[in-house]
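Per numbering that gives the first Met the number 0: the sequence shown = residues 0 to 373.
Be careful, since some hints might not be right.
Unchecked claim - No farther apart than 30 Å at their CA atoms in a straight line, the calculated lysine-lysine pairs in the DSS-like style are these:
#1 K213 / K81
#2 K230 / K317
#3 K184 / K81
#4 K317 / K218
#5 K230 / K184
#6 K213 / K230
#7 K104 / K81
#8 K218 / K230
#9 K230 / K81
#10 K184 / K213
These are calculated hints, taken from the structure and not from any lab test.
All values derive from a computational prediction rather than experimental measurement.
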Amino acid sequence: MRGTATPFFVRGHTARGPWNLLESSLMGIDLLYVARPAPAAAQSAAMRIIAEEALSASCDVWLLHRPEDHELLDGVIIPSRKTGFIHEGALPLHMRPLPADIRCKAIHLSLAASGSESGLASGDLIVAEGSLQENEGNAYSCFARALDIHDDWEAIYISAMSFEAANRVANAYVSRLFGETSLPKEGRRDDRFLGAATPAGAVDFVPELTQGLKRYLIKGRAGSGKSTLLKRLAAEGLRRGYDVEVYHCGFDPNSIDMVIVRELGTAVFDSTAPHEYFPDRETDEIIDMYDLCIAPGTDELHADQLAPIQSGYASAMKEAIGHLAKARRLRNAVEQPAAEAVNMQEIADAARGWAAELLRNGANGLRTAPDGTA
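Could you build the full structure based on these sequences and the hints that come with them?
Put into structure tokens, the structure is as follows:
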């Protein structure tokens, strides 16, 4: 039987700056191949091949997508083999060097390329990289401005909220999801991003992540208690010994957008823009926090106040995405000469070899050494 691929982000361009949630995805990993700097397309191509080899070997894989270009990968994790392959830039600073319990092998994809790393003259390269960083910095500034506006948006609904009603809703869904059940183990928490702000706009993997699960779609407004409900459900699941996937908001990583408890076959997620979905499966249910917890008529009462807030927020977000798009064009220009020099056949051949080494680890009790030997 073919394995299952689970796509998500562990890095994000957020209103609080660049954010990295990779650490929890490396829990239990004892062998990690780390690709040194090389063209992103070449790195991602190698990761795709490794993922395909693992899937064909009936192994489930996690596909870690890049916020700089969601069609490319940050890495691939093979949980059943306790192995992974990531690019160096995906590692958070506090994990450099890696913990002693993770064996590491450096992968030099540049060995499969000819010529210099960039065809740009050194002066032009410095200018391009400086402009790239400037545009990413401008994007973060725009996201931060959008967050300030979003706080004003939330305040309107928080002032009209019944916290007693919100607590009743939380208690009801804790009971509904978990009942009297618990598991005789310590729960595992995996922190990830539901989606990300990318140069192409907001991207999420909700349909893929919730495939085959009972789904609760939370509707509401900013400040209507959606994230608080999700945090309560996540904490309860962990307390009862369940493994919980906690998906953070790609805009504000302090907020939670989705909780999945696969041992219960359940997903609960914020189903409002920019990841707005509607029931399209027979078992889908809606939890409407506006109807349940907010004073009736709040939308209408504050319509004149809400209009400029919503417009300002949309404008700041659009400007931020524009800066990310400029940064991607600059990054592509910097990497293009080196990318064109890469021998993709050599990359593919090498990737299949790395996949074989990674898949040997943990199979029938074997432990692959960083040099690829068992």
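**OP:** Please write out, lowest number first, the hints stated earlier that are contradicted by the structure.
**Re:** none
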